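Undergrad: Protein chains in written order, with the working numbering: chain A, 8 to 369; chain B, 361 to 809.
Calculated directly from the structure, the hints in this document are not laboratory data. What you are looking at is a predicted structure, and each value in this text was computed from that prediction instead of being measured. Keep in mind that a hint or two might mislead.
Said to hold, decoys possible - The calculated lysine-lysine pairs, modelled on DSBU-like cross-linking and capped at a C-alpha distance of 30 Å, are:
hint, chain 1, residue 1, chain 2, residue 2
1, A, Lys285, B, Lys740
2, A, Lys340, B, Lys797
3, B, Lys795, B, Lys784
4, A, Lys279, B, Lys560
5, A, Lys285, B, Lys560
6, B, Lys784, A, Lys285
7, B, Lys709, A, Lys280
8, B, Lys560, A, Lys267
9, A, Lys303, B, Lys740
10, B, Lys709, A, Lys303
11, B, Lys638, B, Lys648
12, A, Lys303, B, Lys690
13, B, Lys784, A, Lys227
14, A, Lys340, B, Lys720
15, B, Lys720, A, Lys332
16, A, Lys143, B, Lys763
17, B, Lys690, B, Lys795
18, B, Lys519, B, Lys590
19, B, Lys763, A, Lys227
20, A, Lys192, A, Lys303
21, A, Lys227, B, Lys709
22, A, Lys202, B, Lys402
23, B, Lys804, B, Lys690
24, A, Lys332, B, Lys784
25, A, Lys267, B, Lys709
26, A, Lys40, B, Lys402
27, B, Lys720, A, Lys227
28, B, Lys784, A, Lys303
29, B, Lys795, A, Lys40
30, B, Lys804, B, Lys784
31, A, Lys332, B, Lys763
32, B, Lys402, A, Lys192
33, B, Lys504, B, Lys374
34, A, Lys285, A, Lys202
35, B, Lys560, A, Lys40
36, A, Lys340, B, Lys763
Stated by the list, open to error - Over 12 Å on every C-beta distance to chain A, these chain B residues come out as not near it, computed from the model:
hint, residue
37, Lys367
38, Phe421
39, Ile457
40, Val522
We put the CB at the ideal spot given by N, CA and C, even for glycine.
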Amino acid sequence: MNYKFIIIAILSAVMFISCSDDTSKPNEEIDKKFLLVNYADNLIIPAYSELYEQSKVLKDRFEELRNNYSDSLSSLIRVEFSDLRITWGRCSMFGFGPANDIQLRQAINTFPTDTSLIEENIESASYSLATSANFKAKGLPAIEYLLHPSEITSWQEYYDNEKMLNYLSDLIDDVHSNISYVYNKWPDYREKFVKNTGNDAGSSLSIMINDFVFDYEIAKRAKIGIPLGIYTSEPLPYNFEAPYSNLSKHLLISNLRAYKAFITGPRQNDSKKADNIKEYLDALSAIRDDSQLSTKIVEEIDESIDMIQKFDGSMKDMVQNPSGKSEIGALYKNMQEMVVLIKTDMTSAMGILISYQDNDGD
Amino acid sequence: MMEIKQKINNLLFKKVNPEPLAFFRIVFGILMLFSIIRFIAKGWVTEFYIEPQYFFKYPYFHWVQNPGEFGMYALFAILLLSSLFVTIGYKYRMSIIAFFLSFMYVELIDITYYLNHYYFVSLTAFLLIFMPAGNCFSVDAIKKGEAKEIANWPIFLIKFLVAIVYIFAGVAKLNYEWMVEAMPLAIWLPAHNHLPIVGKLMTMKTTAYLFSWFGAVYDLFIVFFLIYPKTRKIAYVFVIIFHLSTWLLFNIGVFPFVMIALTTIYFDSSFQTKVIDKLKTITNYNTKYIESKNTHSYKSNKKLILLASILIFTLSQIAIPLRFLLYDGKLFWYEEGYRFSWRVMLMEKSGTAFFTVVDKASGNSYEVVNSDYLTANQEKQMETQPDLILQFVDIIENDFEKKGIADVAVYADSYVKLNDNYSKRYINQNIDLTKIKYSVDLNKWILPY
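Okay, chain B solo, but in the shape it has when bound:
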């Protein structure tokens, strides 16, 4: 018992160099700065958050409202500034809080744009709020003095989070479709037949199998090879190869670079110390150190709160991806417990849905043109996701009420295609969807796979 306690104590509170955390902060800040600029430059602020008439809400966050054009650009201005300040470590704590809150705000406006990597960024930013990442090689440290050492728990938590991402992504791949049918890669890879040299290989089924199996093995074990010093170098080469090839083959934005940059957290701290020292020399950075005992010796009650928080965070990060076990039915079909679980590029799913509104008073029926209400991205996401379908039914119902047709029934004629199967009818076409709440069993209105 004592031994475990000591081990935990050692793992979380042993003194380590502050450079790895500072390095992480700088890399994270630069990546965020770059991806925010990219997001604005692509015109996505307008396209995703200003042009749509309606927004699909997150569960429990229905109250989050779009702040309008000025508000949106103000949020992105805050994101730009705060990620810059996080990078240079200027008013670090305030900046990372501002970054986290505005990032969350933007994310929570519309679930259409949910991506695992945005979720990862949210979690990382959240953790960084509590970490002493601004006291080494930063503007703050010039004024207040540089830390000589920090406790190990921030490094441990970041390593833990990256490990969770990879391992759960790996576990998620251990399913029949991925391993035995090489789905969905057997669909996605042949689309790259235009590539020089490898184009022909992409159309071969064996390639899809190799990619699927390599992907699963990579995700499951890469963290362990990164932790083990002897395999670390070669493992990192694999990290680069893996993420660059996903970047080349799939439309996944900055995520590959986020992972390539942030997995450096597993390096021996001498690496980051060297880099930061180099940067200090280059920038003529000079500050005095603070006495280490003032920096991070925790009082026992503070330590207890910290310990409990770390425990809650780590356990919840293990539990959330596993919550799908509580639900019946095929996960890919119903998607209950699909999000927030590191299921990355895991299935090919698309759909078509037509909705018909019946005016109960007159018996007249009206087919809905989805694009009158939704953007192409929203429509695409809605067509395969039960919770969004119900939100759309709400949108239609309210719109008809505004037009003076208050009492309506809404029926869906809807088909979904999963992996290499033919599209199948998705929603029971005889059920009035205005009567359905998401809390009702999905199999009451979604047809079985």
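For reference, chain A alone in the conformation it holds in the complex:
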């Protein structure tokens, strides 16, 4: 038997089959290193540095206010604070690396905030914000509570409470120092991040995608699911992210926009290489015959944003009446559909294991 003939026959069969549908070849080359560099330099580090600047501005303004009260400064502080929170919504998905060292998400955005613990701490004036027991009495939600009191006669009078001011000042310092830690560590971490190009459980792409999915699931659960009563069967209006400033809708929209920006990526550096998740997915899914997965993901996010923009009034009020509740319920469902796309379709297409847990495969 002429085995050479058999080998040639098999090889040509392989070539024939594999070439038969190469017409839809990806036009952009996938290169993880390229993508990681782009995300680190043009998305993650800029987001954290803006967060750092914002937290510093808030800290400085607050010190000014303590030294020299003015009504305009008092309202400016609330604006600066809202900006800080919106910026946080662009950073929360990057909870790996330095942010993971100090559990930044829990440290600065645990909600609902525990108002009675806050009052207790203010009263006793003895507390340690470093303990995890105080996670629910500090961070952005606690600052929000103190910056948005429900019944006040005048702001000047409100800000005349030394104990409260001390606590608020400690909270702002704490947020700033946590953010500073992450901001200062990122330049070093960046070198590690862009080098770790593998695709095992600990590789940068895997960590970044897993954190994105994780953060999205948290947003879905904590920002909508829990206040909607999905897990308790009773709505919990004060469990929205920002119930005192009525900023919940606004924060969620900017959060969703940040997720979208994560998929579509920071500015394009190179037209030959896939340097963002969308292009990366498009290049990989060239073998699909249906519509692009990346397009579906972006559409799904846009749909959620659209739904929130159509909400009438605050979510805190909506959830307490049947029609509003069902509108938020529809948003929850939409956000749930997105979980399937990013957790199953996206990670599977990228060949990424969805879990940090290391394990042998078959």
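Keeping the supplied structure of chain A fixed, place chain B upon it in accordance with the hints.
TA: Frame of chain A; chain B shown alone:
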């Protein structure tokens, strides 16, 4: 008829050198010792067996209970010691029995960690219990004397088992997805675009086709090339190349090394004899031989039992991987008859599942947070496997009963993605899963692919 009988007799009971089996025992022991140490060092004992609150059970082995933290580490201590003793051949029979039982115990605690290579290790350890592997170049043999020769059936059975692994792995690849669509390799290989030099090749579809076809041909025929003396050397080079590349590309632990080491069973026995002789010289090993007629001349009734056992084992090893033929529906979707069949790295399957509990008394509904109950590994396995989904429904039901909500219905909103398809709804979302038993037809609650 006589001729066949004689051939079988010759195949199983002809006298052969004891060194190949001893060599196999030593290699197996070292590999096990290494992988147990690796398992402990990675912190997996705690992560897989102590931290989880719940464990997914094997069919027919629901009664296997987690022995707790102390018990788990005791089991791993036994595994460590027994694999060391198997390697040096100290109280061989007792050691291999201890190894087999503790290995099985650990495996049977949670089906989440089922791997074909653990199954292979279990089968090999089981066979080794009955084999005279401890009577050559061993501590036992120093005391009791060295065997001059053994019967051939142990060598035959090991060769048979390795052949089953490869050939069924090859047959499993002969499906449309693997051969015509190059799935799942067309998904897995591009993820390696970061590799130097070959990174670019990994993103090409032709590479996925070449790997798929080469993999199928390799699995189907490698055993025959290993058996045939003239091709053996080059075939073994292929064994090394194949398994090292799977080791480099995929997260498959020690399995590549297990196969590279254990396929040496196909070598001409002069190889192992030479190696063992060398080792004997190096270690100053010295013992006297036992008269061969006392070692392995079987009485006729013992021979009959042995023959019947070998027949049952070999036939069952052929039947078990084929049992999927009894079930309807797409195998990759329903996974009936998927495990224990050497389907290795055969599909890319992942899922997302949300469960909602309805309190029938009040009508209140509660969505479940899966991670409140399961670890990431458990959740990942559960989301795509029907039997685990039902076990999870049981876990949820019991937990709600503990909370005082006794009469519940559980519904799943679940999606599964297979190979390069989009994720599809997996479970009929209108069916109360507390009413479903796994014995009920899967197509009553799992939607068609």
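Undergrad: Next, verify each hint and record whether it holds.
TA: Status of each hint after checking the structure:
1. A:Lys285 x B:Lys740: 25 Å, holds
2. A:Lys340 x B:Lys797: Cα-Cα ~29 Å, so holds.
3. B:Lys795 x B:Lys784: 23 Å, holds
4. A:Lys279 x B:Lys560: 13 Å, holds
5. A:Lys285 x B:Lys560: 19 Å, holds
6. B:Lys784 x A:Lys285: Measuring from Cα to Cα gives roughly 22 Å; hence the hint holds.
7. B:Lys709 x A:Lys280: 28 Å, holds
8. B:Lys560 x A:Lys267: It holds: about 28 Å lies between the C-alpha atoms, which stays within 30 Å.
9. A:Lys303 x B:Lys740: Holds: Lys303 (chain A) and Lys740 (chain B) sit about 23 Å apart, inside 30 Å.
10. B:Lys709 x A:Lys303: Holds. Lys709 (chain B) to Lys303 (chain A) sits at ~20 Å (cutoff 30 Å).
11. B:Lys638 x B:Lys648: 17 Å, holds
12. A:Lys303 x B:Lys690: 27 Å, holds
13. B:Lys784 x A:Lys227: 21 Å, holds
14. A:Lys340 x B:Lys720: Status holds; Cα separation ~22 Å.
15. B:Lys720 x A:Lys332: 22 Å, holds
16. A:Lys143 x B:Lys763: 26 Å, holds
17. B:Lys690 x B:Lys795: 24 Å, holds
18. B:Lys519 x B:Lys590: 18 Å, holds
19. B:Lys763 x A:Lys227: Holds, because 25 Å separates the two Cα atoms, which is no more than 30 Å.
20. A:Lys192 x A:Lys303: Not satisfied, since the Cα-Cα distance of roughly 35 Å exceeds 30 Å.
21. A:Lys227 x B:Lys709: OK: Lys227 (chain A) and Lys709 (chain B) at ~24 Å, within 30 Å.
22. A:Lys202 x B:Lys402: 23 Å, holds
23. B:Lys804 x B:Lys690: Cα-Cα ~14 Å, so holds.
24. A:Lys332 x B:Lys784: Cα-Cα ~28 Å, so holds.
25. A:Lys267 x B:Lys709: Holds, because 26 Å separates the two Cα atoms, which is no more than 30 Å.
26. A:Lys40 x B:Lys402: 27 Å, holds
27. B:Lys720 x A:Lys227: Cα-Cα ~26 Å, so holds.
28. B:Lys784 x A:Lys303: It holds: about 14 Å lies between the C-alpha atoms, which stays within 30 Å.
29. B:Lys795 x A:Lys40: Between Lys795 (chain B) and Lys40 (chain A) the Cα gap is close to 50 Å, so the pair fails against 30 Å, i.e. violated.
30. B:Lys804 x B:Lys784: OK: Lys804 (chain B) and Lys784 (chain B) at ~17 Å, within 30 Å.
31. A:Lys332 x B:Lys763: Holds, because 26 Å separates the two Cα atoms, which is no more than 30 Å.
32. B:Lys402 x A:Lys192: 27 Å, holds
33. B:Lys504 x B:Lys374: 23 Å, holds
34. A:Lys285 x A:Lys202: Holds, at roughly 21 Å.
35. B:Lys560 x A:Lys40: 13 Å, holds
36. A:Lys340 x B:Lys763: Within the cut-off at roughly 27 Å; holds.
37. Lys367: Non-interface label stands for Lys367 (chain B): nearest chain A Cβ at 27 Å, farther than 12 Å.
38. Phe421: 20 Å, holds
39. Ile457: About 26 Å separates Ile457 (chain B) from the closest Cβ of chain A, which puts it past 12 Å; holds.
40. Val522: Non-interface label on Val522 (chain B) holds, nearest chain A Cβ at 17 Å vs cutoff 12 Å.
In this structure, the earlier hints numbered 20 and 29 are contradicted, and the remaining ones agree with it.
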